[in-house]
Amino acid sequence: MSEVVETHAGHDDHDHHGPDKGLARWLFTTNHKDIGTLYLWFSFAMFLIGGMMALVIRAELFEPGLQFVAPEFFNQMTTNHGLIMVFGAVMPAFVGLANWLIPMMVGAPDMALPRMNNLSFWILPFAFGIMISTLFMEGGGPNFGWTFYAPLSTTYAPDSVTYFIFAVHLMGASSIMGSINVIATILNMRAPGMTLMKMPLFVWTWLITAYLLLAVMPVLAGVVTMMLFDIHFGTSFFNAAGGGDPVMFQHIFWFFGHPEVYIMILPAFGVVSQIIPTFARKPLFGYDSMVYAVASIAFLSFIVWAHHMFTVGMPLAGQLFFMYATMLIAVPTGVKVFNWISTMWRGSMTFETPMLFAIAFVILFTIGGFSGLMLAITPADYQYHDTYFVVAHFHYVLVPGAIFSIIAAVYYWLPKWCGRMYDETLGKIHFWLSFIGVNVTFFPQHFSGLAGMPRRIPDYALQFADFNMLSSIGAFIFGFSQVFFMFVVIHAITRGKKATDRVWDGAHGLEWTLPSPAPYHSFTHPPKVSDAEAHS
Amino acid sequence: MRVNKLNAAGWRRAALGALLMAAAGLASADELNMPVGVTEISRSVYDLHMIILWVCVVIGIVVFGAMFWSIIHHRRSQGHEAAQFHENTRLEIAWTIVPTIILIAMAVPATSTLIKMYDTGGEDMTVEVRGYQWKWQYKYLDEDYQSTFGFMSTLATPQDEFYNRSAKGEHYLLEVDEPLRIPINKKVRFLLTSEDVIHAWWVPDFGIKRDAVPGILNELWTIVEEPGVYRGQCTELCGKDHGFMPVVVQAMEQEDFDAWYATKLKEEQERKALESMVFTTDELMARGEEVYTKNCVSCHQANGQGVPPVFPSLVGSPVATGDRDAHIRMVLNGVPGTSMQAFGAQLSKAEIAAVVHYERHAWGNNAEDITQPVDVANVEAGQ
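Those protein sequences? They're chains W and L, same order as listed. FYI, the numbering for the first sequence is 2 to 537, going by my numbering. FYI, the numbering for the second sequence is -1 to 381, going by my numbering.
Accuracy of the hints is not assured; some may be wrong.
What the hints assert, rightly or not - Derived, one-sided and incomplete: chain W residues facing chain L with beta-carbon distance under 10 Å:
1) T79
2) P316
3) M454
If you're looking for bench data, these hints aren't it; they were derived computationally from the structure. Backbone N, C-alpha and C define an ideal beta-carbon position, used for all residues, glycine too.
Chain L on its own, in the form it takes in the complex (with noise of 0.2 Å):
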């Protein structure tokens, strides 16, 4: 009898931690529940979530209320003795028509949020976003789809905060050297695809999340009422580095944004102008170190060492100190079936030729040639 009655207190004691846990669990405290956001798609999200929990704790309360009455009340220690009733036709129609109501009662607005997710179209601006193991990349679209400019957005947070060799800034994990920028109060469309494996776009505070498929291109849309920064992750498995790949979206006043996007055209053009230069061994160098850091250095590693036999290794290897036209060739088109992605689409001329310059100079590789944008412009034409 008396373990019996430590049990009655240990049950109590259950429940009141549960009652305590599912408390908790309703506070809408920021970093318990899922955010609000700025959308009007992401407040009836928001909306729909509250509502199915309340329901389901609602429902809980009632089902744990019973079960629990019958555990302090109905136990042999209490002298109950045991019924032998296994069957009420009326209960059990009602407990199987009851939730099929709630449930039909739950669709309705499910149905009328999910057909307003659906209408992609009245669009004012397009941007494709293009899944990289494991980078995103942004091409702002005019009118006729073309590309007009575009950048690879790529996790900003230094190596040493992973491994703890320094202080974790605010947004660890969650930087971007380029933010996507859009303009506040607009309908911008997304056009999402991915180059390799499949990946996933999210940015919670819009309520919208899309595969990024190799072959398919996806839809998706938002319109963003609050300038600020949003961030969020890949949240399809994709590989090594899917925990570092945030996607970080700026929303921007239009005057702001326009103001942007005219810089960016001129930089595109400015950059077009330099695959036509001629470079020093040194600028090669140092733009190819810094290219090198942004692209390459997350599988063949910053002393070129790379993680065998995954990642080759880059020091003296026959790419490296072989021909040429050949190390340009496989930066260009990647190596189909392997890591290596074709960065012939990521890069300019003059970056590749800075990238391969520079891996046939740095850890004492030491080929006895120059690239210049030119030659990867040659190499391009002539295949």
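Excised from the complex, chain W in its bound form (with noise of 0.2 Å):
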């Protein structure tokens, strides 16, 4: 602590510096780890309100006919599950990841900017507060389809749409600034020695996903600003009517919400590539080819927006291109769960919680990749396309995907957050409930889509009614495995047994090297980067 220079007597208590007391600690907070946290249980809060309207959309298609929700509500709440777990829960979880992580991993002292974190996070709350405030307005809240289609969402939309424009603008300030202040910590704050080359995957995976942050939030920002242009200042940019053209939308919606869906996965390829090493207790397989792996698959992203347009009518070479340029994004991901297959190949392998979360991940993800091949197939396509094949693609990548890989994350680290281990018991049995629930919500959801159920719908044919039934068991099942990790962490927090530094005996990294749980402040000097605690 002697390095820091006392320039004012004021300052004296700078020794001593640990939290503050009580509301004012979390409000005020530009301490990484602390706003970690509040991310993280942010994230967690939306989880489990986007899971509610999950809940309510399974109820209604427990059975045929309409049951319990009007069609306008039921679709208020597919368009609000939609958006509440893209922004709400998936993005702030992993944001809240990287705030913890990234500093301990390149031997930072704290995030770059600690001001705006704060802000970044706080901007959060209310965002999601506009937003659900919309669901008691009259007229209801949105109910467009989280990919919100002009003119559905312009001309035909509810008077609450402002406010969830407004919303978006919100998070989508708060994730550039978020994307900002991952950038200059990892350009500028890595310790002596801890080169490009040497960072974690996970450090990597998080500066390309914020620079994809970075080129596509603004253009989210800028689409929903033509909305509202068009619905309060009589422009028609989506309105046929007046010159505009409704597949414009979807192209600028898709120019941003495809990298989006990188977004989501790339940090989970980097949580995944800490998590499979230490349990196989072997290095990472193939580490270059892996961030070469990552950043292809970024640039790809921007090049094939269209490939979820294939039936609004494109002309044939840019069917082609599309196609093409879709397909082979199979190749760098292929190279990433050979990788990880690779890397457990004759290692010692333990399947602690994170390692079976970690390995349902490498399954079930790439069941998710196999179904996007698939939908890559243009003219297979038009038999896939906005039915319940894809809501179970999606679902496949996302679910065991990314809440898979955060759930990972948290049993990883957790013990070096908080100082605690998590009781492995329960921590297996919320894995395999949840392994079952995710596996029987989402695979029967293939067969209703291609015998051709279609995605939001509030009621179905007689055909589709075993499919569905199994779904809405396996969807309550998952539900409730997720209130069961929530007893678990807390369990682990109250009354875990006390962890060791290291945690686990194959963990590499610098985080390990510091105490359990971290302190308030670490690496307030830099540490020393040897080959051991570079990327394993």
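Put the two chains together into one complex, using the hints given.
The structure is reproduced here in structure tokens:
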């Protein structure tokens, strides 16, 4: 601590600088660990709210007929479920992990821009407060799907759409600030010796993700602003009657939307690339190719957006281009999967809860990748497009993909964060419930989609009944098991056994050189980066 | 150690479960897989689907097989020591190139099918398909692309079935009052557009789907080989009743189709003749109720009370009890920026007269007037 140059008598207490007391600690904190904690709890709250919406959907779809909710409310549920899970649960959870881990992994004392860090978090409760409040407004909340295609979201939208637009602007501002912070931290605050190609893969994936965010969140802000102008200021960007083009909305939206998909999965790749080597007790296979694969996926994500729009009536040449480009993504994605398996190959594996979630991630994400490859085949996509096959596909990459990786990360790093271990038996029960729940929910949806069930419908023809009932049962199992997860985490924080500093015998990386729990201020002077603690 | 043994058993069970699931997925029972369909295109699409599915299954077996082998054998509880290799350039090059070759092989048939699907020329007849919230309009066009006749195709499932008040029929939610009819073995070209939001028109058995976008005309074609009734649904979220706008197409032998076509043309002429008739109030009420039930009830409800504030009540409303011509104009032109459509393009003058009359005299509304087709014609001419 003696390096801190004291120039002001009032700052004498620097040596004992700990968290403030009470609410002020959380409101005014600029500490990356506190802010990471805030992000993680916030995203978990959103996960439960979005999950409840999913259960409203699945309850209604348990049987054919209109039982519990009216179609207009059903549409609000599908829309808000999607928006809350994407922008409220998955993205903030990864920002939370970034906050906690990136400074500790690169040997930095904090994020580069701590005050902005506080602001980017505290915007979020307001953004989601506004968005959820629309459900209680006259005319209801957003009901046009999370993709909010114009003109359903403009000319035909409920009045509350203006609040939705404002909320999206706020979320975008938060994400942009968060990503600037990540980039500034990684590029400027690495400890001496932590060269780029020695960074843990989680840091690499987040660096690339942050650039994706920086590139596309302004596009999202642009498209909602164009909506705002169409609705309130008489422009006709997306209004055919005024000379506008509804299809242009989709092009702009998906230019944001496709990189957004990778924003939600690249950090997951990073998490899994940290966990598998630890429990295989073997260095990550093909570190360099992992980095290049992530970079290639990020690049390709900018030139495949129109595969979401194969049915809008593009010219043949456009269809072919987007089909080929989309198929190409399978190559770097395959490299990653092969690398993970090669990391496990001839390792000395144990199967603690984080490893179980990581392995489930590799399997189930790959299944989502397979259906993604099928969706890339344009003529076949005409049959799959906007059916439950697509719902199954993206839930396979997002739930046992992104969300399993977040859960794995929590189990893996929680001992470092709070200094206590979770209960291994409870963790395994949580894993198996989640694993069974997620597959019972989403695997049958492949079949209902192929058999012809469109997505976003509150009621369905009789031939889809069996698979929907199964899917609803799975959803309730999965939903319950995430409440159980909260119990496991709280049990660990309050009653868990003391964790060692290294926590896992196979763990490598600077964060494991710190005591458990990690002190409020860590790496106040830069650590020496030994080869053993460079990327595993 | 005991715990780890249990885990091994657990993993084996999981592997078995995954295999069973995959096997279930490959059984090509109708309810599990994409329909083969009744067109050349739908069969090529089905073949593409099966090829890519098998490619994925084989890759999956190899990849997951290696993984489970490793999980079972390379575990610490078996006393396996970790190797320390972390690179193998040749292997890495191989697993970049092999998938690329598989993908190129896959792209070839996909490209040729796609090119076939885009060959819209040389059609035998053209049908305009127009999406409305929440129904389809089909217009048969002649060689100069003029409409000969058209009709609305609306969900025929009664509301009682949605609310489980009566048993659901075999074609629950997939039945319409009047299906699109086309002849078999003829190239039928569809021109798709929309009157309000984006819809998507899909018949799985034909292997075709295309969005109906306002302000844009999309093309699609099919040659159906088997007579029969083919059912699909709107597949683009289009608002409240998105789940309730089925697509039903009846493919008929040429002579049956010709006979039907001739009858429809005659009906069209009779419908035009109705527009100069004068009806009694009872006739207007009866016809009006019929039109209302078909076109208005999903928003304004059977009791006329709507779902305020989005869908206003008509009971005692200023429109339904005030100036009659303003009421007619609203039905003709709709209210831009709301769900209230312009029915001038969808309904005949006789139907509009009847429904306006009905709305002004049903549910206790008591406007002191009668609305005849000629009044609608006058309002339309005067605007």
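We went through each hint and held it up to the structure:
no.: 1; hint: T79; result: holds, 8 Å
no.: 2; hint: P316; result: holds, 8 Å
no.: 3; hint: M454; result: holds, 8 Å
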